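Input sequences plus hints: build the corresponding full structure.
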Amino acid sequence: MSRTNAFRGMSTQEFVLASADHLVISLFKICKSAHGSSPSTNMKLQSFYLPIAIFICVCITFVSVTDAYTASITRDMIAGTRCRLWVTDQNNNQIAGDYHYHECDQHTQLNITFTNTPNYWIHAEVQGSTRQKKDRGNFNGDICYHIHGDVFSWWFDPNCH
Numbered sequence: 003m004s005r006t007n008a009f010r011g012m013s014t015q016e017f018v019l020a021s022a023d024h025l026v027i028s029l030f031k032i033c034k035s036a037h038g039s040s041p042s043t044n045m046k047l048q049s050f051y052l053p054i055a056i057f058i059c060v061c062i063t064f065v066s067v068t069d070a071y072t073a074s075i076t077r078d079m080i081a082g083t084r085c086r087l088w089v090t091d092q093n094n095n096q097i098a099g100d101y102h103y104h105e106c107d108q109h110t111q112l113n114i115t116f117t118n119t120p121n122y123w124i125h126a127e128v129q130g131s132t133r134q135k136k137d138r139g140n141f142n143g144d145i146c147y148h149i150h151g152d153v154f155s156w157w158f159d160p161n162c163h
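For my numbering, count along the sequence shown from 1 and bump the result up by 2.
Don't read these hints as lab results, they were simulated from the structure.
Be careful, since some hints might not be right.
[Stated by the list, open to error] Restraint ranges, calculated between C-beta atoms of paired labels, are given here:
id: 1; residue 1: L52; residue 2: N142; range: 23 to 29 Å
id: 2; residue 1: I56; residue 2: L112; range: 23 to 29 Å
id: 3; residue 1: T63; residue 2: H102; range: 36 to 42 Å
id: 4; residue 1: S74; residue 2: Y51; range: 39 to 45 Å
id: 5; residue 1: D144; residue 2: T110; range: 36 to 42 Å
Since the model is a prediction, treat every value here as computed from it, not as a measurement.
Idealized CB from N, CA, C, for every residue including glycine.
Encoded structure:
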């Protein structure tokens, strides 16, 4: 499971608290397992792990967690149809997707994950079509879309089934 999916829905503060709890439990287990050894070994282990624990706590506190959005797109076009899907930010800079056409006829789900941005747009284009590209937006959260039809007549609609 990716870091993005494992902590989806958690705020940054919740993530930091969960990470700190995990760190404390891990250190407790390490110290407890070292308790059965000789006192000199126990002291070496404690003096070794204390700077590491402090470093990890500082990193958790000061390193920001990057939130991410996901655009889920169901590709359900007529056999042999190729399409291009990409995401741009409010300045029309491409932030996800690529410039290549891909098969869009297998009723497959495409998940495009990208870093949190205040507003974004999603775009679709069908190879060989005389119809203009479809631009949808502005969004500021996860979305679901469905691209369907054929080269001559195609749609790009919201759909979260």
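Here's how the hints hold up against the structure:
no.: 1; hint: L52 to N142: 23 to 29 Å; verdict: violated (43 Å)
no.: 2; hint: I56 to L112: 23 to 29 Å; verdict: violated (43 Å)
no.: 3; hint: T63 to H102: 36 to 42 Å; verdict: holds (41 Å)
no.: 4; hint: S74 to Y51: 39 to 45 Å; verdict: holds (42 Å)
no.: 5; hint: D144 to T110: 36 to 42 Å; verdict: violated (18 Å)
In terms of the numbered hints stated before, the structure departs from hints 1, 2 and 5, listed from lowest to highest.
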